[in-house]
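*Asks:* Starting from the structure of chain G, add chains R and H with the ligands where the hints point.
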Amino acid sequence: MFKAKFSGVMRRLSCLALAAGLMIPGTAFAFREGINLPEGVTSISSDIYGLHMLIFWIVVVIGVLVFGAMIISIFLHRKSRGVKPATFHHNTTVEVIWTAIPFLILVGMAIPASQALIEIEDYRDYDMSITVTASQWQWHYEYRGEDVAFYSRLDAKSNAARQLRDRRTVDPEEVDNYLLSVDNKVVVPVDQKVLLLLTADDVIHAWWVPELGGKKDAIPGFVNEMWFEITEPGIYRGQCAELCGRDHAFMPIVVKAVEQDEYEEWLEEQREQTADSGDAADDQVTALDVAR
Amino acid sequence: MESTTATHDDHYHGPASGIRRWLFTTNHKDIGTLYLWFSLIMFFVGGAMAMVIRAELIAPGMNLVDPMFYNQLITVHALVMIFGAVMPAFVGLANWMVPMMIGAPDMALPRMNNWSFWILPIGFTLLLMTFFLPGGAPASGWTIYPPLVLQTGDAFPFLVFSIHVLGISSIMGAMNIIVTIMNLRAPGMGLLKMPIFIWTWLITAYLLIAVMPVLAGAVTMLLTDKYFGTSFFDAAGGGDPVLFQHIFWFFGHPEVYIMILPAFGIISEVIPTFSRKRLFGYEAMVYATAAIAFLSFIVWAHHMFTVGMPIGGLLFFMFTTMLIAVPTGVKIFNWVATMWRGAMTFETPMLFALAFLFLFTIGGFSGLMLAIVPADFQYHDSYFVVAHFHYVLVPGSVFAIMAGVYYWLPKWTGNMYNEFWAKTHFWLTAISVNITFFPQHFVGLAGMPRRIPDYPVQFADWNMVSSLGSFVFGISQLIFVAVIIGCIRGGTRKVDDRVWEGSHGLEWTLPSPAPYHSFDKPPEVR
Amino acid sequence: MAQAEGSYYVPHESYWPVVGTIGMFVAVLGASIWLIGMGHVGVPVTLVGAAIILFMVWGWFRDVINESVSGTFGALEDKSFRQSMAWFIVSEVFFFGAFFGALFYARMFSVPWLGGEGANFFTGLLLWEGFEATWPSHGPGELGGDFRAIGAWGLPAIMTAILLTSGVTLTIAHHALKDGRRRLLNWGLFATVALGLLFLCFQAYEFYLAYTEYNLRLETGIFGSTFFMLTGFHGLHVILGTLMLIVVLGRCLKGHFTADNHFAFEAAAWYWHFVDVVWVLLFIFVYMI
Ligand code: HEA
Ligand code: HEA
Ligand code: CUA
Ligand SMILES: [Cu+2]
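Residue numbers (the working numbering), protein chains in the order written: chain G, 1318 to 1609; chain R, 451 to 976; chain H, 68 to 356.
For reference, chain G alone in the conformation it holds in the complex (with noise of 0.2 Å):
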């Protein structure tokens, strides 16, 4: 008895829970902030922006349609509702056109997915090149040309409040920027298209910092290109994208965009530490890339 009637309501509620549950959260995530993409700061990332909004509410359209066909055959055509089954199965045009309209569709999302890609692609006419060695678990930032070279580690105090429960001397909810900071911040003008080239040491590791948009791996022995050039001054920070081992959550970066004139001082600035500390970056190869 109470069974019966139990699965009964539960047949009623099945239908709402499901689209509820799943379409709601759907929706929300596009507006709320810390749910969605950041739209960011350079060219690349609002592209990137732009193209993830609209293959979102494409396939938001689409889902609805398909899930409105579900939902309502679900209502519909129920046993308990005395319907007799249809017995079609199969109908050509039908099949074409569900066949050809997705095809359509999807031609419609790639043709702006590779003009951006196009884009990112384009290595050429940069204004500076940062070399970015990574390894276990630190990176190396070399500014080609600045004779300016340094090592970019997690900070003191996310490494103390990182430690395993017992041993930890501070509580990560307390630290700014958990895990998000570093000890020598990446300094770079805005407006400026900073080339990065990237490789690793050791392991493969990835550099992102989803406010400029994008990540790209740093590979042991090859090297990799990547560009950005930043609009707004600001603080941005990511963290290394490709698993690298035991710390690989721990290896922030940290990336500071500064005025042209600001920049300049703090070269200056770091010219001289990386002077006393031997570190000097290759001066013939900028000679070189010009030939390329």
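Treat the hints as calculated values from the structure; they're not laboratory data.
None of these values were measured; they are calculated from a predicted model.
One or more hints might be untrue.
Stated by the list, open to error - Simulated pairs of lysine to aspartate or glutamate, EDC-like, Cα-Cα distance not exceeding 20 Å:
1. G/K1396 to R/E974
2. G/K1401 to R/E951
3. R/K971 to R/D947
4. G/K1396 to R/E869
5. R/K676 to G/D1519
6. R/K676 to H/D130
7. R/K676 to H/E199
Said to hold, decoys possible - Ranges between beta-carbon positions, derived for each pair:
8. G/W1374 to R/D947: 45 to 51 Å
9. H/H79 to R/I748: 56 to 62 Å
10. G/G1367 to R/L960: 55 to 61 Å
11. H/V235 to R/F766: 39 to 45 Å
12. G/G1425 to R/G640: 23 to 29 Å
13. R/L583 to H/G322: 27 to 33 Å
14. G/D1488 to R/F766: 47 to 53 Å
15. G/G1425 to R/I925: 43 to 49 Å
16. G/V1377 to R/G940: 43 to 49 Å
17. R/F744 to G/V1377: 45 to 51 Å
For every residue, glycine included, the Cβ atom is placed at its ideal position computed from N, Cα and C.
*Replies:* Relative to the frame of chain G, chains R and H with the ligands by itself:
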């Protein structure tokens, strides 16, 4: 040929008794049962690891485990779930159902069938024992990329050999399934009369035969790179770490379809039954399956968009990957059209099938988003990817397996399972799976990388939600086990041969429970 | 058709699969122990495992041969065996495909890229200045020191001739079997086995030369890696194929097989031809170009 008497003797003996029955059996049902139990155990082993993963991730800070151990957990969690839970479950279902659905007495190569099962447990013994070796289990992620994987300690050869062993098992299983389907169909069952489950498994078996050896080759090269001084994946010697990724994903992408095509097959059996209507567009379904399988060989590099491929490669792999949405869409639409104007009832198998339809599609949509190269530059290696693949794997593959188990369990045992508890299992599972995996989209988009045991505090809230959801999901699976055992022990009632009002196909013409040998005399198919 | 008359042969319980499983477990366990640096334990354990596997092969095949000789198998069973052998060979094709893929990738992509070609200007410039991409290559790190590649038209050409001839003798034997000419069958098979063994001797000598005279080793960068991986795995397959042929030869001498029922012969023959074809590809891609 001449000695039908000799063969007949063999047909009328029942199972041996005790442990001998399970160790030495050549019977497709016994072997299917072994596969299914093994898979269930592995689901719990892998799930237990997932529970530790989620417990570590419930709040920021290192709360529970060492980072190295965390990496070991995710690696083995994935390998156990993929090779131990999902694939064996499908092989188990194939073992049970293929002979029954095509009207055959057994599998074509019964002894080899036994062998393909029994080397699975030893493969996993090798893999799981690495937790107890110095240096622990492999910690490189299930994708075992060099050079990282070459830093593995003593676990390394165990990892490589266990993959070899599992590969041999899959290849033998696949050969057996192909041969059975090609040779032992009842007279009159032409290829285009085979049930869709048979079709999807046939195509899956081809995929297995093509890609498992490639994985074996890839791990062999890892082995020689580590121990014999070769430099396949070492730039200094002229190799390239990315070469491994190409070979791995040439296996890896078809592998994910190996885990979904049989699921499509199950769904294609369940939906018509409970809609009381024939499957819409049977032939289109077959062609779509074949198209997906074909495309799966030319999309592999969509897992490596960030390795610095030439732009031509990026575009090619983006287009081919997007194309897969077309045949997959055909399948989704055909299922909806099957339901359309049917007379549906909502027994547990159907509920799982419907949830599959909704949630797999969501996973497919996120897959399509991942295929867009520029967007993938952001999504790659973030939790958005984790959300994508759990949507296609858990409410995709795993739900389909559960649908299949509920659907055929009465046929296997002769008893009806407890519908109330089964539905409770369904609802808890279906709701908690979304609570677990939907928020992972959010944190992924917001910038949380995958494979990290600790994360910046802004991701805390959704991770808490996800962890809590996963605990509910985990506990709900205990109901599943209870329902299965209850059903084997007698269930709620005896069922007749047809079991379900709308069922059709040869397996439902056999008595319930199905006799030890399926069809001694091949049935006639019109 | 067999199916229409009676039914498909479903064998009794068999313990061979479990024996094989144990053998496999012991063998890979031993190999693992050996590789993690305990050869004194690992090697003997591996050998025990291999022995168990051989025992399994012997016993399993004995059962199947007895069944076959006593006429248990009909046309349908025969078809099953054939098809599974064919699919096994397909899986082997893909196995070799992985290694050929590595070779092509190294030659077409990784080595040129390391030399700064394509979009990899900076790879050449920043990491491997002065490295010129050529083939054969042991990489910018010049791993393994100076070496020479083995030219195609010496030993390898002879080995090609040997294997191709063995394919011919095998085909002669096959036709002889079909025509019921047992003496020719035995001689043809014998010649095939002999040529297979001869090939293996040549290959052993080639490897010996490579290590001593050419300084070409597994450690010789990507060229050494692909060279030994491909030829080595091929060599293992020749060994396996030769063993299969020896078993078949033994059975022929015992008078097994009839003109239209000789699956084991055909399986071994297919396998041998497959090994042949792989060699020809090796000859072209590894030695010639
Ligand atoms: C069962 C397993 C399964 C399945 C079926 C899929 C299906 C798909 N996957 Fe997924 N995928 C995985 C398992 C799976 N995947 C796993 C395990 C990983 C991660 C591995 C790792 O790194 O560890 C992964 C990762 C992964 C990536 C790499 C992400 C990254 O690391 O950066 C990509 C990128 O393209 C991708 C794409 C796709 C696509 C396009 C599909 C398509 O097949 C989906 C097609 C379906 C639909 C599109 C929905 C239904 C269609 C319609 C309703 C028609 C109309 C629709 C349109 C026209 C839009 N997947
Ligand atoms: C078929 C494949 C499959 C399946 C079924 C699952 C199932 C689950 N997965 Fe898994 N997962 C993968 C394949 C799969 N996963 C892969 C390929 C990866 C990538 C690995 C890599 O990066 O290399 C991954 C990675 C992965 C991560 C990311 C780790 C990281 O990147 O840092 C997470 C995190 O939440 C996760 C969670 C879960 C959960 C909660 C489940 C749940 O669905 C599991 C539910 C099951 C159970 C819980 C078992 C049953 C119950 C009990 C054991 C009783 C006890 C219960 C309690 C104590 C509550 N998985
Ligand atoms: Cu460096 Cu992850
Ligand atoms: Cu894929």
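*Asks:* Could you run down the list of hints and mark each one as holding or not?
*Replies:* Hint-by-hint comparison with the structure:
Restraint check for G/K1396 and R/E974: not satisfied, since their Cα atoms lie roughly 32 Å apart, outside the 20 Å limit. Restraint check for G/K1401 and R/E951: the C-alpha separation of about 14 Å stays at or below 20 Å, so the hint holds. Note on R/K971 and R/D947: the hinted pairing holds, with a Cα-Cα distance of about 18 Å set against a maximum of 20 Å. Restraint check for G/K1396 and R/E869: the C-alpha separation of about 18 Å stays at or below 20 Å, so the hint holds.
Straight-line distance between C-alpha atoms of R/K676 and G/D1519 comes to about 14 Å, which keeps the hinted pair within the 20 Å bound. Of the pairs offered as hints, the one joining R/K676 and H/D130 is violated, with about 41 Å between alpha carbons and a cut-off of 20 Å exceeded. Restraint check for R/K676 and H/E199: the C-alpha separation of about 26 Å exceeds 20 Å, so the hint is violated. One distance hint, 45 to 51 Å for the beta-carbon pair G/W1374 and R/D947, holds here, with the actual separation near 50 Å.
Hint check: H/H79 to R/I748, Cβ distance near 45 Å, so the stated range 56 to 62 Å is violated. In this structure, G/G1367 and R/L960 meet the distance hint of 55 to 61 Å, their C-beta atoms being roughly 58 Å apart. Separated by about 43 Å at the C-beta atoms, H/V235 and R/F766 satisfy the suggested range of 39 to 45 Å. Here the CB-CB span from G/G1425 to R/G640 is close to 40 Å, at odds with the stated 23 to 29 Å.
For the pair R/L583 and H/G322, the beta carbons lie near 53 Å from each other, so the given range of 27 to 33 Å is not met. Distance hint check: the CB atoms of G/D1488 and R/F766 are about 49 Å apart, consistent with the given range 47 to 53 Å. For G/G1425 and R/I925, the hinted distance range of 43 to 49 Å is satisfied, since their beta carbons lie about 45 Å from each other. For G/V1377 and R/G940, the hinted distance range of 43 to 49 Å is satisfied, since their beta carbons lie about 47 Å from each other.
In this structure the supplied range 45 to 51 Å is violated for R/F744 paired with G/V1377, their Cβ-Cβ distance being about 29 Å.
This entry does not satisfy hints 1, 6, 7, 9, 12, 13, 17, going by the numbered hints stated previously.
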